[in-house]
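Based on the hints, put chains B and C in the right spot on chain A.
Residue numbers (the numbering used here), protein chains in the order written: chain A, 1 to 165; chain B, 1 to 631; chain C, 1 to 671.
Source of the hints: derived by calculation from the structure; they are not laboratory data.
In silico lysine-lysine, DSSO-like type, Cα no more than 27 Å apart, as pairs:
{"#": "1", "chain 1": "C", "residue 1": "Lys20", "chain 2": "B", "residue 2": "Lys531"}
{"#": "2", "chain 1": "B", "residue 1": "Lys332", "chain 2": "C", "residue 2": "Lys86"}
{"#": "3", "chain 1": "C", "residue 1": "Lys627", "chain 2": "A", "residue 2": "Lys18"}
{"#": "4", "chain 1": "A", "residue 1": "Lys148", "chain 2": "B", "residue 2": "Lys615"}
{"#": "5", "chain 1": "A", "residue 1": "Lys74", "chain 2": "A", "residue 2": "Lys11"}
{"#": "6", "chain 1": "B", "residue 1": "Lys486", "chain 2": "C", "residue 2": "Lys183"}
{"#": "7", "chain 1": "C", "residue 1": "Lys588", "chain 2": "A", "residue 2": "Lys11"}
{"#": "8", "chain 1": "C", "residue 1": "Lys86", "chain 2": "B", "residue 2": "Lys550"}
{"#": "9", "chain 1": "B", "residue 1": "Lys591", "chain 2": "A", "residue 2": "Lys148"}
{"#": "10", "chain 1": "B", "residue 1": "Lys273", "chain 2": "A", "residue 2": "Lys11"}
{"#": "11", "chain 1": "B", "residue 1": "Lys571", "chain 2": "A", "residue 2": "Lys101"}
{"#": "12", "chain 1": "C", "residue 1": "Lys183", "chain 2": "B", "residue 2": "Lys325"}
{"#": "13", "chain 1": "B", "residue 1": "Lys325", "chain 2": "A", "residue 2": "Lys11"}
{"#": "14", "chain 1": "A", "residue 1": "Lys101", "chain 2": "B", "residue 2": "Lys615"}
{"#": "15", "chain 1": "C", "residue 1": "Lys129", "chain 2": "B", "residue 2": "Lys486"}
{"#": "16", "chain 1": "C", "residue 1": "Lys478", "chain 2": "C", "residue 2": "Lys183"}
{"#": "17", "chain 1": "C", "residue 1": "Lys129", "chain 2": "B", "residue 2": "Lys539"}
{"#": "18", "chain 1": "A", "residue 1": "Lys108", "chain 2": "B", "residue 2": "Lys615"}
{"#": "19", "chain 1": "A", "residue 1": "Lys113", "chain 2": "C", "residue 2": "Lys183"}
{"#": "20", "chain 1": "C", "residue 1": "Lys258", "chain 2": "C", "residue 2": "Lys223"}
{"#": "21", "chain 1": "A", "residue 1": "Lys18", "chain 2": "B", "residue 2": "Lys273"}
{"#": "22", "chain 1": "A", "residue 1": "Lys11", "chain 2": "C", "residue 2": "Lys642"}
{"#": "23", "chain 1": "B", "residue 1": "Lys571", "chain 2": "A", "residue 2": "Lys148"}
{"#": "24", "chain 1": "C", "residue 1": "Lys28", "chain 2": "C", "residue 2": "Lys73"}
{"#": "25", "chain 1": "C", "residue 1": "Lys264", "chain 2": "C", "residue 2": "Lys530"}
{"#": "26", "chain 1": "C", "residue 1": "Lys574", "chain 2": "C", "residue 2": "Lys373"}
{"#": "27", "chain 1": "A", "residue 1": "Lys8", "chain 2": "B", "residue 2": "Lys273"}
{"#": "28", "chain 1": "B", "residue 1": "Lys539", "chain 2": "C", "residue 2": "Lys86"}
{"#": "29", "chain 1": "C", "residue 1": "Lys73", "chain 2": "B", "residue 2": "Lys539"}
{"#": "30", "chain 1": "B", "residue 1": "Lys273", "chain 2": "A", "residue 2": "Lys74"}
{"#": "31", "chain 1": "A", "residue 1": "Lys74", "chain 2": "C", "residue 2": "Lys627"}
{"#": "32", "chain 1": "A", "residue 1": "Lys139", "chain 2": "B", "residue 2": "Lys486"}
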Amino acid sequence: MPTLMLRKFEKVCAIIDKHGNDAARLIPILQEIQEEYRYLPEEVMTFVAMSLGLSPAKVFGVASFYAHFALEPKGKYVIRLCDGTACHVKSSEGILNALYKRLGLSAKVPTTKDMLFTVETVSCLGACGLAPVMVVNDKVYGQISPEKAVALVEDIVKKEDGPNV
Amino acid sequence: MCELRDAAEIVFKGRAGLRKVVICTGTGCIANGAMDVYAQFIREMTTAGFNIVEMFRGLDKVTDPLKSIYLSKSGCQGFCQMGPLVKILPEDILYNLVRPGDVREIVEKTLGSGAIIERLLYVNPVNKERCRSQKEIPFYQRQSRFVLKQCGELNPEDIQEYMAIGGYEAAKKCFIRMTPDAICKDMIDSGLRGRGGGGFPTGRKWEVTRIQADPKKYVICNGDEGDPGAFMDRSVMEGNPHSVIEGMMIAARAIGADEGYVYVRAEYPLAVKRIRMACADALKEGILGDSVFGTGQKLHIHVMEGAGAFVCGEETALMASIEGKRGMPSPKPPFPAQSGLWGKPTVINNVETLATVPLIMGMGIANFRAIGTRTSPGTKTFALSGHVANTGLIEVPFGLTLQEIIFDVGGGITDKKGRIDPEGFKAVQIGGPSGGCLTKEHFDLALDFDSLKSIGAMVGSGGLVAMNRSTCMVNIAKYFMQFTQKESCGKCVLCREGTKQLLFLLEDIVEGRATLETLDVLQELAGAVQKGSLCGLGKTAPNPVLSTLKYFREEYMAHVVDKCCPTGECKALAKPEILADKCKGCTACVKKCPVGAITGEVKKAHTINRALCVKCGVCAAVCKFDAIVGV
Amino acid sequence: METAGHINIDGRDVPFTDEKNLLEVIRKANIDIPTFCYVSELSVYGACRMCTVEIEGRGLITSCSTPPENGLKVRTNTDPVRQIRKIALELILANHESECPTCTKNTSCKLQDLSKRLGVTKVRFRSVKKPVPVDDSAAIVRNPNKCILCGDCVRMCSEVQGIGAIDFAYRGHDVVVQPAYGKSLEEVQCVNCGQCARVCPTGALTPRPEVDDVWRSLNDKTKTVIVQIAPAVRVALGESFGYGAGELTTGQIVAALKMMGFKKVFDTCFAADLTILEEGNEFIDRVKTGGTVPMFTSCCPAWVKYVEHHHPEMLGNLSTCRSPQQMFGSVAKNVFAPEWGVKTEDLVVVSIMPCTAKKFEAKRPEFQDNGIKDIDHVITTQELAQMINEHGILFRNLRPEALDMPMGFKTGAGVIFGNTGGVMEAALRYVYEKVEGKTLENCDFHEVRGEAGIRTAEVVLAGKTFKLAVVHSLANAKILVEKIRNRQCDYHFIEVMACPGGCINGAGQPVSFQPDYKKRRTDGLYEADKMLQLHKSQDNPYIKELYERKLGGPGSEHAHHLLHTRYSSRRRMKGRSMVIVDGNRKDKIEIRVCVGTSCYLRGAQDLLHHLARYIADKGLQEKVQVKATFCFEKCDKGPTIKVGGTVITHCDFAKATAAIDKAVGALTVEA
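Pulled out of the complex, with its shape left as it was, chain A reads as follows (with noise of 0.2 Å):
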C-alpha cells in the first residue's frame, strides 16, 4: 500500500529529527524505528547512518549486538519463552520443543512461513515467580505448560483463520 510506505518514510524522518540527528541517540532510533517496521530493512539502517553521520558498518554493528533489533521480519505473533533459571528448572524446553513441534519451527527457522508466528527465548523476563512463563506479543503467560502454550496457538490460529471460514 504506497500511503503505507509514505507514513513509514515520514516516520523514520521524525524519529531522526526527533533526536536531532544525534548519534549518541541510535539505539533509541533504532528502537523507535523497529516499532514502524517490525524490524530493521536494510535500507532504513544505511539511511538512518546516512543522517546521524555514521558509517552503515557501525550502524549495522550495532543493530546486531542486541538481541531485540530484528534483522528479519518477525512474525506477527511473538512468542517469547522465558528460558531463565527458574523456568529452566522448570522444564521450559519442553514447552519450546512442543511450539517448536507445532508449528515446524527449530533455533534457525523462528518464524513460520505465513509470518504469523515467531519463536523465540529469551534469557529472562522477571516473573520468575510464575515459572515457566511464555510471553505473546506484551501478554505475560504465567505457569505455563507444553499442553497449555500449543492450546494458545490454536487459539490464535482459528481467531486468524476466523474471518475466511
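Relative to chain A, chains B and C alone:
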C-alpha cells in the same frame, strides 16, 4: 478533608471510615489478571454506589468517607505465585488468587459489611490454617521488608502519595541543607554497599567521583538486571520508582552531577513506563529540572531502554550503550568515577542501592547500621525461585542463614511434582550465572557480602534458585555456561572463546565422552577465564563451574568415570530402571512408552529394555508409585 | 624528557616519562610483551589479554590499559601470567584456520610467532572454526577464517582513516569483522588503503597477491615486460633481507628485477617529475583563471576514492593529474612502446608499489583502452620480496645495477613523493621558479616537512601569499575538508596522503615492528634526494625532451589526453533503495530522490517529504513509484531527483512537481 499529617497513616494503614483497597499490579499479578480484577472493582464499586478515589490528590475532595473507597494499585508485593493479591485496609485483609468473578462478593461482603471471605485467604500449607493478613503468612514473617515495604503499598504512579509519606524529603535535605562532602561522609559511615554484585562501598564510590575536577558529571542508575532468576530491581522500579529517582538525586547532589540516566532492561516495559512517568511527574513538581527544589541547581534525568544484552549490566558496557555503541566493556582503569559516560566522571549505582539511599537519609545512619551485619548493614532483596514451596520476591536482613531463607521464608523444598520433600534439599544457586552454589554445609552460614565471597559465591544481583535432589549439578553448571556463553559480548578472547570451550567440555561430560583429563582441562580453563577476562562478567562466568566442581565433585566423577548421571537428568547417560518392589504392575508406563521398551504383565513388576529405550522419561512421569528411576 | 617516576619491572627499576601505558614502559625495559590488539597509534582495546602482567597488590592486569604509576612492582612472566597467555593462545588457535604453510602471512604472522615464542605446542580444545567464504576485492583479501577479532583493523579504519568500512557485527561467539550487512569490500566505501591489512596480526586481511600474474607475463615469450619502482619501495624492501628501515637498495632491486627477466627497469620518480610539471601548471592555471581552489593532490588513489565516496561535491578540487603510476603507464604504452617497436598489447607494464590502493587504481576503467590497461600488474614491496625469494636470488649478494633510461632518470623532487610533504615540496620547487622566474637556490622547504597530521605553511609568490596544507591519514583529511566546507579556512593547495606518514608506510610495505621505522624510511628518501644531482623536476632532461619531442608543453592538449583524468562520485553502499510510494500501474513513473550525504545536506529529505505529501494529496499514488536512493553522482548540484528518465539538479519543490505533473499527464488513461 484529609489532613496531610494523617497522610502516611492513610497510605499505609487506611483510616477508619475510609477504606483503602490495594491491588498488586506487579508483573506477576498482571500476568495473572490483576488489571481485569482492577477494572472489575471499578465496575462493582460504582454499581454499589461507592465514590472511588484513585489518586491521592482526590482524597481532599472526599466528603463522605463512609461511602468512599481509596482504590490503589501497588507494585509487587512479592508473593507472585498467589496473585492477583488484593489488600483491604484498615482491616489489613489479604486476599489471594482473586479472579474478576470474586470481586462482587468482596465489594458486597467485605467492603459492605466488613465480612471476611474465607476462601480467598491464604492457607498455611503446614497447619492448614487460613491467614487473614500478610503478617500471618509465614512467607512474610521472617522477612524485613524495608526497601520493598513501600513497593507493596504505594501507588507507583502517584507522586503525591510518595510525597505525602515523606518522599523527596531526604533529597530536599541534601540539596538545601547538606554539602556534597557531608553527604558522601554520611554514606561512607552508613556502610552501604552496592547491591548490584561485588558490594563495593557506595559512599567511597561517590567520594572518588566528587573529588574529580571536571565540572560535568553524570549519575547513572543501572536497571539492566539481567541475571536469569532475578527480578528485584524490576519490582523496585515498577513498585516504587520515586525512591530510585530520589536516590539518584542524592547521588547527583553528592558528586555534583547535573544529568542522569536510568538504564532499564528492555524486557521490563512496565518499569520503563513507570520510571518515565516518575521522572515526568518529578519534573512537573519542580523536584527535577533546572532548579531542583528552587535551589537553582540543575538535574535532568533521562530514561534509556536497553536493547537486549546481558553484558550491559557491566558498567562500562552500559555506558557504551548509552553512547549509542555496541555494549562492549572496556578495561578499567580508567574507572567510571574518573572517566565514565562521554569521558566524564560518573557514578553508577544499582537500583536497589539507590532506593536504599533515601531510607538511610531518612532513618539516620545508626538506625540503618542496626540492621544486618557489621560489614554488610541493611537488608537485601532476593528473588527466591526454583524448587521451593514459596517463590517470589523476598527481603531479609543480611546475616539471616540459608536455612532460615529456604525453610522459614521459602517454606521448604519441593520435589519434581511440587510436593514438599523434607529431605529434598540439594543446593542453592546464589547470584545467578556469576554466582556459586551453597550446599547443606552452608545451612548455618549467615549470608552477607563477605561470608559469601569467602566460599567462592557472591550476592550478585540476588537470584536465589533452590534445587532439589533430582537436579543434576553438572547440568546446572552447563545451563549457566550456556547462558554466559550466549551473552558474552565477544570482545575478549578468554570470555568469548573460553566460555564456548567450557561449554563443550561440560557437554562432553554430560554426554559421556569425557575422561579425567577433561576435568583437569575444565578446571584449568575455568581458572584462566576467571583470572584473565576483561570484565566482571567474564571473570565471574566460570563461578558456577568452579563451585560445582568444588562441592559436587563426586557428581562430576560419576559422569566421567561411571558414565552415569546420579539424578537421571542427563539423558545420554540415563540408565532407566524399574524398582520391582515399588512397581505395582499398573501398565500405565507400558501404554505411554513411545517405543515399546517396557514389558510386563498386569500386577507384576515391569522391566525396561534399555536397548530400545530412548530415555524420554515419559514412563517416570506417569508412574504414580515412583517406581521408575534413572531417567 | 623528565622522569615521572620509576616502575620496578621484574626486579629492575625502570624510569618512565610520558609513556601512555605500562606496556610501553615494559617495552622500554627491553621486554617485548606479547600482544595482538595493542597498536600504539590506535586506542587501547584490551581484548586479547596477552599483555597481562602481575602487579603487586593488584593481581593480574593488562599492561596496555594500565597507566604507569610511580612505585608499581610488576612481574611480566609469572606462572599465572604464562598460563593466561598460553590458554588465550590455545583458545585463539582453536578458532583459527591454522593452515600456516599456505598462508600469505606465513613467517610474518604474529599468531604464529607468539605460539612459537610462548611454546604452545598443543591445542587441547575442540576446533570451533566454521569455514566462511573469502572476500576477494581488487586490492585486499579478507579471510574471516583467519580473523582473531583483535579489532586492530576496525580501529584503524575508523580512528585513523575516518571511514568505518568494516566493523564488528553480531555478538559473543558469533562476532565477526565485516563490511556493513556482510557485504563484500567492493560493495562498500572501502578506499583500499590497506591500513587494516598493515595492522592485521594474522592473514585475515592481506594485500591481494598478483605475483603469479607477473611470473606468467615474464615467462611469456611474446611479451615485453617492463617495470617501475615507486619511491617508497627502495627504502623499505631491504627490511625483508635484513637491512635497516630507510636503507636504500635501489641498485640491488634493479639487479634482482633484471635477473627475473624484466626487459627494462624504470623509476616511478620519473613519472613523479612529470606529475609535478603537470600539477604545478594546473595549480598556476587555476589561480590565474580563478579556477577551483584549494586544489588537492591526486597522487594517492585511496584519497581519490575517498573523495568520490564521501565528498563528491569536492571532486572539482582534485587535481585532474593522473598519479605518477598511471602517468608512467600511459607514457610507456602510448609514447615509448612505438619507439621500442613493441605492440601495445605485447608490452606488459608492472608496478612495484608500497600500496594496495594502486592495485585498484590500475584496474579503473579510465585507465584502460579497449581492454588494454596502462598498468598491467601491481605488486607490493612485500610481493617483490616474495618474488626475489621465490626465484632464489640472494639479495644481499647482488651488485647494484643502474636503472634504464629514459624513464629511470629522476630528480630528487620525484624521490620525495614517497613521504608526507614530499609532493608539496616538489611542487613548490617547480612553482617557485615558474612564477618568480628565477632560480631557486635552496630547494629544501622544511616548513612542509614533519610528522604532524595536519601541517600548514604560507609562501609568497609574485607578491601573493599562498596558503598550503599537508595532511596524512584520512581522518585528518576529513577534518580539513570539513573546515573547507564550513569556510573556516582558505587554503590554495593541499597535499593529501591516505597512509599515516605517506607512501613509506603503505600497506604493501614490509611489516615492521621497529618503533621509528616511519621516520627512518622518510629520512632515507630525503637522503636520496640529497645524493642526487638534480632536485627540481623541471631540470629533468628526459622530461624536457619528452615534452619537446612528444607532448608539447605541460598542460598541452596531448599532455592532457595522456596525463589527466576525470572523477565521478561513487555510491557508498551498493544495495536496495528505500521505496516510499509504489503504485500498482505497470507504466508508473519512477521518481528517484537522492538522499546521499550532499543532497541530504541540501535539503533532500524535506523535498522528499513534501513530494510524498504532494503525491498523496493529488491522488497520484498509483501512478508513480518514489524511491529514496543514495547518489546520482551529481553531488555538486544537489538536491538531485530523477523523474522518469530526466535528471533534475538543483531541484526544488516547484521544479519537481512541475516535472511530475508533466510526466503523469503524459500517461495514457488507464483502461
